[in-house]
Amino acid sequence: AQSVTQPDIHITVSEGASLELRCNYSYGATPYLFWYVQSPGQGLQLLLKYFSGDTLVQGIKGFEAEFKRSQSSFNLRKPSVHWSDAAEYFCAVGAGANQAGTALIFGKGTTLSVSS
Amino acid sequence: SQTIHQWPATLVQPVGSPLSLECTVEGTSNPNLYWYRQAAGRGLQLLFYSVGIGQISSEVPQNLSASRPQDRQFILSSKKLLLSDSGFYLCAWTPGQGWTDTQYFGPGTRLTVL
Numbered sequence: 001a002q003s004v005t006q007p008d009i010h011i012t013v014s015e016g017a018s019l020e021l022r023c024n025y026s027y028g029a030t031p032y033l034f035w036y037v038q039s040p041g042q043g044l045q046l047l048l049k050y051f052s053g054d055t056l057v058q059g060i061k062g063f064e065a066e067f068k069r070s071q072s073s074f075n076l077r078k079p080s081v082h083w084s085d086a087a088e089y090f091c092a093v094g095a096g097a098n099q100a101g102t103a104l105i106f107g108k109g110t111t112l113s114v115s116s
Numbered sequence: 001s002q003t004i005h006q007w008p009a010t011l012v013q014p015v016g017s018p019l020s021l022e023c024t025v026e027g028t029s030n031p032n033l034y035w036y037r038q039a040a041g042r043g044l045q046l047l048f049y050s051v052g053i054g055q056i057s058s059e060v061p062q063n064l065s066a067s068r069p070q071d072r073q074f075i076l077s078s079k080k081l082l083l084s085d086s087g088f089y090l091c092a093w094t095p096g097q098g099w100t101d102t103q104y105f106g107p108g109t110r111l112t113v114l
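Protein sequence lines correspond, in order, to chains W and F.
Quick note on numbering: the first sequence equals residues 1 to 116 in this note's numbering.
Quick note on numbering: the second sequence equals residues 1 to 114 in this note's numbering.
Derived by calculation from the structure, the hints in this document are not laboratory data.
Note that the coordinates shown come from a computational prediction; the quantities given were computed from them, not determined experimentally.
All residues carry an ideal CB built from backbone N, CA and C; glycine is no exception.
Don't take each hint at face value.
Said to hold, decoys possible - Computed spacing ranges between beta-carbons, pair by pair:
1) Ser116/W <-> Gly54/F: 46 to 56 Å
2) His5/F <-> His82/W: 39 to 49 Å
3) Ser58/F <-> Ile11/W: 48 to 58 Å
4) Lys79/F <-> Ser18/W: 49 to 59 Å
Said to hold, decoys possible - Cut-off 25 Å, straight-line C-alpha distance, at most; resulting in silico cross-link-like pairs (SDA-like, lysine to any residue):
5) Lys108/W <-> Gln45/F
6) Lys68/W <-> Ser116/W
7) Lys61/W <-> His10/W
8) Lys108/W <-> Arg110/F
9) Lys108/W <-> Pro18/F
10) Lys49/W <-> Ala66/F
11) Lys108/W <-> Ala9/F
12) Lys108/W <-> Ala66/F
13) Lys108/W <-> Glu59/F
14) Lys108/W <-> Thr28/F
15) Lys108/W <-> Tyr104/F
16) Lys108/W <-> Ser57/F
17) Lys49/W <-> Gln45/F
18) Lys80/F <-> Val15/F
19) Lys49/W <-> Thr102/F
20) Lys49/W <-> Gly43/F
21) Lys68/W <-> Gly41/W
22) Lys68/W <-> Ser84/W
23) Lys68/W <-> Leu82/F
24) Lys61/W <-> Ile56/F
25) Lys61/W <-> Gly41/W
26) Lys108/W <-> Arg42/F
27) Lys108/W <-> Lys79/F
28) Lys49/W <-> Gly62/W
29) Lys49/W <-> Ser26/W
30) Lys68/W <-> Ser26/W
31) Lys49/W <-> Thr28/F
32) Lys108/W <-> Pro107/F
33) Lys80/F <-> Ile56/F
34) Lys108/W <-> Asn30/F
35) Lys108/W <-> Gln70/F
36) Lys108/W <-> Leu82/F
37) Lys61/W <-> Pro18/F
38) Lys108/W <-> Ser29/F
39) Lys80/F <-> Thr28/F
40) Lys68/W <-> Thr5/W
Required output: the full structure, derived from the provided sequences and hints.
Written out as structure tokens, the structure is:
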């Protein structure tokens, strides 16, 4: 069965420091991968997505992610974290037939705190 | 531009009471609609999705139900709430071409069952 694992429940990073959030997936076919961010009490916003092609994907707000098939990973990175990046981050994989009504499988999320 | 609304924003209900949460989408037609529940420490769980009026698919058997009476309206209901129904409920939509499209999420409803 398809699954997504985010090994880190909570990460604290100093403002200005680099960030890497880990995501591992389990899926037998070519994965379609996403990162979403959720600010406190809000809905989710798409940061970036990977379908094919260049394995390094650029997203909004200065985020990027790298797809590594050999490691079944899709880690999210940012070179310099801002206090406004404090939020919960979700990795997700598109599973099953890509057809109307099929939804994503989400990881349990990583909470990012930013210290000054 | 498209917008998605959910209400109420917060709700406190006693065990055994009914529930009705509403989600509406503006600025698009024939969207795919989804209900997710987010419980603390458990990530997002897909509850229902709909590809059209009156068409509902359930992902998880439970005491909740969903309905889509209009193209851009999606309702989550329960006849009798359980304590375990507490959580953050998110509605989402996509343009109707599968999950390769971005899912756009509403602001959510925080439900507390006492």
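Checked hints:
1. The supplied range of 46 to 56 Å is met by Ser116/W and Gly54/F, whose beta-carbon atoms lie about 52 Å from each other.
2. At about 29 Å, the CB distance of His5/F to His82/W disagrees with the hint of 39 to 49 Å.
3. Between Ser58/F and Ile11/W the CB atoms are about 35 Å apart, so this pair departs from the stated range of 48 to 58 Å.
4. The supplied range of 49 to 59 Å is met by Lys79/F and Ser18/W, whose beta-carbon atoms lie about 50 Å from each other.
5. Note on Lys108/W and Gln45/F: the hinted pairing holds, with a Cα-Cα distance of about 9 Å set against a maximum of 25 Å.
6. For a cut-off of 25 Å, the pair hint linking Lys68/W to Ser116/W is broken: about 32 Å separates their Cα positions.
7. Proposed proximity of Lys61/W and His10/W is supported: the alpha carbons are some 20 Å apart, at most 25 Å.
8. In summary, the hint linking Lys108/W to Arg110/F is supported, as the alpha carbons are separated by about 18 Å, within the 25 Å threshold.
9. For the hint linking Lys108/W to Pro18/F, the alpha-carbon distance of about 28 Å lies beyond 25 Å, and the restraint is violated.
10. Restraint check for Lys49/W and Ala66/F: not satisfied, since their Cα atoms lie roughly 29 Å apart, outside the 25 Å limit.
11. With a CA separation close to 23 Å, the supplied pair Lys108/W and Ala9/F stays within the 25 Å bound.
12. This hinted pair checks out: Lys108/W and Ala66/F have alpha carbons roughly 24 Å apart, not beyond 25 Å.
13. Restraint check for Lys108/W and Glu59/F: satisfied, since their Cα atoms lie roughly 18 Å apart, inside the 25 Å limit.
14. The straight-line distance between the Cα atoms of Lys108/W and Thr28/F is roughly 30 Å, outside the 25 Å bound, and the hint therefore fails.
15. At most 25 Å may separate the alpha-carbon atoms for a hinted pair to count; Lys108/W and Tyr104/F meet this at roughly 19 Å.
16. Among the hinted pairs, Lys108/W with Ser57/F is consistent with the structure: their alpha-carbon atoms are about 23 Å apart, no more than 25 Å.
17. With a CA separation close to 20 Å, the supplied pair Lys49/W and Gln45/F stays within the 25 Å bound.
18. With a C-alpha separation of about 7 Å, the suggested pair Lys80/F and Val15/F falls inside the 25 Å cut-off, and the hint holds.
19. A threshold of 25 Å between alpha carbons decides the hint, and for Lys49/W with Thr102/F the separation of about 9 Å falls inside it, so the pair holds.
20. Simply put, Lys49/W and Gly43/F have alpha-carbon atoms about 19 Å apart, close enough for the 25 Å limit, and the pair holds.
21. In summary, the hint linking Lys68/W to Gly41/W is not supported, as the alpha carbons are separated by about 32 Å, beyond the 25 Å threshold.
22. Between Lys68/W and Ser84/W the CA atoms are separated by roughly 28 Å; this puts the pair beyond 25 Å, and the hint is violated.
23. Of the supplied pair hints, the one linking Lys68/W and Leu82/F is violated, its CA atoms being roughly 42 Å apart against a limit of 25 Å.
24. A C-alpha spacing of about 35 Å is found between Lys61/W and Ile56/F, which places the hinted pair above 25 Å, so the restraint is violated.
25. Pair hint Lys61/W plus Gly41/W holds up; C-alpha atoms about 20 Å apart against a cutoff of 25 Å.
26. For the suggested pair Lys108/W and Arg42/F, the alpha carbons sit about 5 Å apart, so the restraint of at most 25 Å is met.
27. With a CA separation close to 29 Å, the supplied pair Lys108/W and Lys79/F exceeds the 25 Å bound.
28. Our distance criterion of 25 Å between C-alpha atoms is met by Lys49/W and Gly62/W, whose separation comes to about 14 Å.
29. Simply put, Lys49/W and Ser26/W have alpha-carbon atoms about 17 Å apart, close enough for the 25 Å limit, and the pair holds.
30. Of the pairs offered as hints, the one joining Lys68/W and Ser26/W holds, with about 12 Å between alpha carbons and a cut-off of 25 Å not exceeded.
31. Distance restraint check for Lys49/W and Thr28/F: the Cα-Cα separation of roughly 22 Å lies within the 25 Å cut-off, and the hinted pair is therefore satisfied.
32. For the proposed pair Lys108/W and Pro107/F, the alpha carbon gap of about 19 Å is at most 25 Å, so the pair holds.
33. For the hint pairing Lys80/F with Ile56/F, the CA-to-CA distance comes to about 20 Å; that is within 25 Å, so the pair holds.
34. Simply put, Lys108/W and Asn30/F have alpha-carbon atoms about 30 Å apart, too far for the 25 Å limit, and the pair is violated.
35. With a C-alpha separation of about 32 Å, the suggested pair Lys108/W and Gln70/F falls outside the 25 Å cut-off, and the hint is violated.
36. At most 25 Å may separate the alpha-carbon atoms for a hinted pair to count; Lys108/W and Leu82/F meet this at roughly 23 Å.
37. For the hint pairing Lys61/W with Pro18/F, the CA-to-CA distance comes to about 41 Å; that exceeds 25 Å, so the pair is violated.
38. Proposed proximity of Lys108/W and Ser29/F is contradicted: the alpha carbons are some 31 Å apart, above 25 Å.
39. Restraint check for Lys80/F and Thr28/F: not satisfied, since their Cα atoms lie roughly 33 Å apart, outside the 25 Å limit.
40. A C-alpha spacing of about 15 Å is found between Lys68/W and Thr5/W, which places the hinted pair at or below 25 Å, so the restraint holds.
In the structure shown, a violation is registered for the earlier hints numbered 2, 3, 6, 9, 10, 14, 21, 22, 23, 24, 27, 34, 35, 37, 38 and 39, in ascending order.
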